[in-house]
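A.B. asks: Here's the letter readout for the chains.
Protein chains: 2
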Amino acid sequence: MERTEVATLGEFGLIEHLTAHNETRHAGTVLSVGDDAAVIDHFGKQTVVTTDLLVEGVHFDLMYTPLKHLGYKSVVVNLSDVYAMNATPTQITVSLAFSNRFSVEALSEFYEGVYAACEKYNVDLVGGDTSSSGKGFIVSVTAIGEVAPNGFVTRKGAQKGDLLCVSGWLGAAYLGLTLLEREKKIYLENPKIQPDLEGQDYIVGRLLKPEAQKELIEFLAEAGIVPTSMIDVSDGLSSELLHLCKQSQCGAVLYEEKIPIHDAARQFAYQLELDPTACALSGGEDYELLFTLRQSDYDKIVLNENISVIGYITDAEEGAVIMTKGGNRHKLVAQGWQHA
Amino acid sequence: MERTEVATLGEFGLIEHLTAHNETRHAGTVLSVGDDAAVIDHFGKQTVVTTDLLVEGVHFDLMYTPLKHLGYKSVVVNLSDVYAMNATPTQITVSLAFSNRFSVEALSEFYEGVYAACEKYNVDLVGGDTSSSGKGFIVSVTAIGEVAPNGFVTRKGAQKGDLLCVSGWLGAAYLGLTLLEREKKIYLENPKIQPDLEGQDYIVGRLLKPEAQKELIEFLAEAGIVPTSMIDVSDGLSSELLHLCKQSQCGAVLYEEKIPIHDAARQFAYQLELDPTACALSGGEDYELLFTLRQSDYDKIVLNENISVIGYITDAEEGAVIMTKGGNRHKLVAQGWQHA
Numbered sequence: 024m025e026r027t028e029v030a031t032l033g034e035f036g037l038i039e040h041l042t043a044h045n046e047t048r049h050a051g052t053v054l055s056v057g058d059d060a061a062v063i064d065h066f067g068k069q070t071v072v073t074t075d076l077l078v079e080g081v082h083f084d085l086m087y088t089p090l091k092h093l094g095y096k097s098v099v100v101n102l103s104d105v106y107a108m109n110a111t112p113t114q115i116t117v118s119l120a121f122s123n124r125f126s127v128e129a130l131s132e133f134y135e136g137v138y139a140a141c142e143k144y145n146v147d148l149v150g151g152d153t154s155s156s157g158k159g160f161i162v163s164v165t166a167i168g169e170v171a172p173n174g175f176v177t178r179k180g181a182q183k184g185d186l187l188c189v190s191g192w193l194g195a196a197y198l199g200l201t202l203l204e205r206e207k208k209i210y211l212e213n214p215k216i217q218p219d220l221e222g223q224d225y226i227v228g229r230l231l232k233p234e235a236q237k238e239l240i241e242f243l244a245e246a247g248i249v250p251t252s253m254i255d256v257s258d259g260l261s262s263e264l265l266h267l268c269k270q271s272q273c274g275a276v277l278y279e280e281k282i283p284i285h286d287a288a289r290q291f292a293y294q295l296e297l298d299p300t301a302c303a304l305s306g307g308e309d310y311e312l313l314f315t316l317r318q319s320d321y322d323k324i325v326l327n328e329n330i331s332v333i334g335y336i337t338d339a340e341e342g343a344v345i346m347t348k349g350g351n352r353h354k355l356v357a358q359g360w361q362h363a
Numbered sequence: 024m025e026r027t028e029v030a031t032l033g034e035f036g037l038i039e040h041l042t043a044h045n046e047t048r049h050a051g052t053v054l055s056v057g058d059d060a061a062v063i064d065h066f067g068k069q070t071v072v073t074t075d076l077l078v079e080g081v082h083f084d085l086m087y088t089p090l091k092h093l094g095y096k097s098v099v100v101n102l103s104d105v106y107a108m109n110a111t112p113t114q115i116t117v118s119l120a121f122s123n124r125f126s127v128e129a130l131s132e133f134y135e136g137v138y139a140a141c142e143k144y145n146v147d148l149v150g151g152d153t154s155s156s157g158k159g160f161i162v163s164v165t166a167i168g169e170v171a172p173n174g175f176v177t178r179k180g181a182q183k184g185d186l187l188c189v190s191g192w193l194g195a196a197y198l199g200l201t202l203l204e205r206e207k208k209i210y211l212e213n214p215k216i217q218p219d220l221e222g223q224d225y226i227v228g229r230l231l232k233p234e235a236q237k238e239l240i241e242f243l244a245e246a247g248i249v250p251t252s253m254i255d256v257s258d259g260l261s262s263e264l265l266h267l268c269k270q271s272q273c274g275a276v277l278y279e280e281k282i283p284i285h286d287a288a289r290q291f292a293y294q295l296e297l298d299p300t301a302c303a304l305s306g307g308e309d310y311e312l313l314f315t316l317r318q319s320d321y322d323k324i325v326l327n328e329n330i331s332v333i334g335y336i337t338d339a340e341e342g343a344v345i346m347t348k349g350g351n352r353h354k355l356v357a358q359g360w361q362h363a
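So the protein sequences, as listed, match chains A and B.
Following our numbering, the numbering of the first sequence begins with 24 at its first residue and continues without gaps.
Following our numbering, the numbering of the second sequence begins with 24 at its first residue and continues without gaps.
Just chain A, with the same shape it has in the complex (with noise of 0.2 Å):
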């Protein structure tokens, strides 16, 4: 593969060769990349902003992570945090650092993986920064959406008696991130082993591709639903789950039978002796969202097999806890449960 030196383009060419092919989907999108900042019309609409920063090394790991799905997976990770909100996003910025061991063909595929979740979430690329770094690969994204006045959705309306929910399959990312480094580090012990990765698509795509939960808020929005609250769970569902009683000043009971779990995602559990609940209550990265409904509502989801219905919103007094399959009481802690 040919390797252009990011230097030969400098600074202000590596950005318009990266952003050369940037479509706008979106009339509010006045003014996109090439100014000091970009242009948003709103239209009436409220707008909600969120970021984050994704490390290589503590985030993403690129001995198994293609460039192009790290893009992709930059981008959705953001956008998940604004679907949370019951929000559309519209526009992302998208800044990067990186050391000079990366070429432009390296960023450009980067890139590849940015533009094909714009396309795919139909959001406008308006800006961002690009530096050298030390040492390493650095992503910042910021995510912007909107919503109509006042229909956005937090974490605190949460109301005792509410139904607790959660979108499809929660657990597997954790396990395709364990297996990936395992086979990486087989590989690192003998180089002549290859990763065995066979049968796994399910829980590395998971992984490395996640998706955010457009059809999710699509789907409330035609059913005329507005969840009391809502949160994406990035950092498994205990943790999320806390996050949300902590800011709706409630309790939930959470049903360990309920909580979906994939069954590739059981099956290499097993395989690993490891406990499926645990993967999915402290596991990360599922990208799903959880979030609660009035009981009244429950007629208008029971249909959707993307919605689980895992539990329900007590009390504050009553705390957080899962009612396991056998029968015992625990409470939650932020990295799954505490055994009495």
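Same chains, same names: a pair is fine if it fits in one copy or spans any two.
Below, simulated BS3-like cross-link-like pairs (lysine-lysine); rule was C-alpha separation at most 25 Å, straight line:
1) K158 to K207
2) K183 to K354
3) K269 to K183
4) K208 to K158
Hints listed in this document are in silico derivations from the structure and should not be mistaken for laboratory results.
Mind docking chain B on chain A? Use the hints.
C.D. replies: What follows is chain B alone, placed relative to chain A:
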């Protein structure tokens, strides 16, 4: 000084600690720090968004940059981009990645600077992210501003005959950097020698605690002036003027004798046997605004001592040139000028 390890607070505890006294200044800041995203209401205005990444060892040296100053400057450089759109900054997000050599006290110092800038410039801190990093200190700030519909000013509108203007003083930040780098080198060679910064408060201050051009934007609004184009001077006058000419498809004549260089900067340049003009053209980090005005606006700015008319706009074929004090005409290049 006390040293509290970040690990004792955890990520969420740290964020709570750093944002405990965060104030909201704008009615439009509907929801601030503490949820998946912030929510902003614009009351019919357009939004401006810009982002900058600052990397230790590339953009700053913590050996001579107090963390409080770094926090302040990280905000200011982003606000400068908002003002360069003729907009008013309203909200910021601040993300940090730091290695374990930074304590909670050190991070609090950084945030003191962030909050000082928020107060001075009347902006709300509405979000961010914190992360560990293998090495060094990395800051990513995104600034949001507002502007009356289509009241923003880009780099594209300069017309033949327009006056070329700049705010404040140029070149001093580069000289401040040169001084601090010199003293650092002396100190590293012999730690017993204390840095000698006597009488150099001005140039050191211009580097370590730059300000953004709030007053200029307010003056232009009050005077009823809309610049035809505008850009902030972060990379040196030459580089910014070339951007402006390229994007406006025009040329420019710049008069060396009109470039505003502060006496303190000029004296120190002579002391180092540097050309003060070269420092202004190539130095960078001044965070002044370079802009163009219709000639008919001249009467409105002539009494403003903060604005210097330094040249005028020509046809693209003429290129961007500087007329030296000696009466010579040189082509401007990104780093200063090219001798014929």
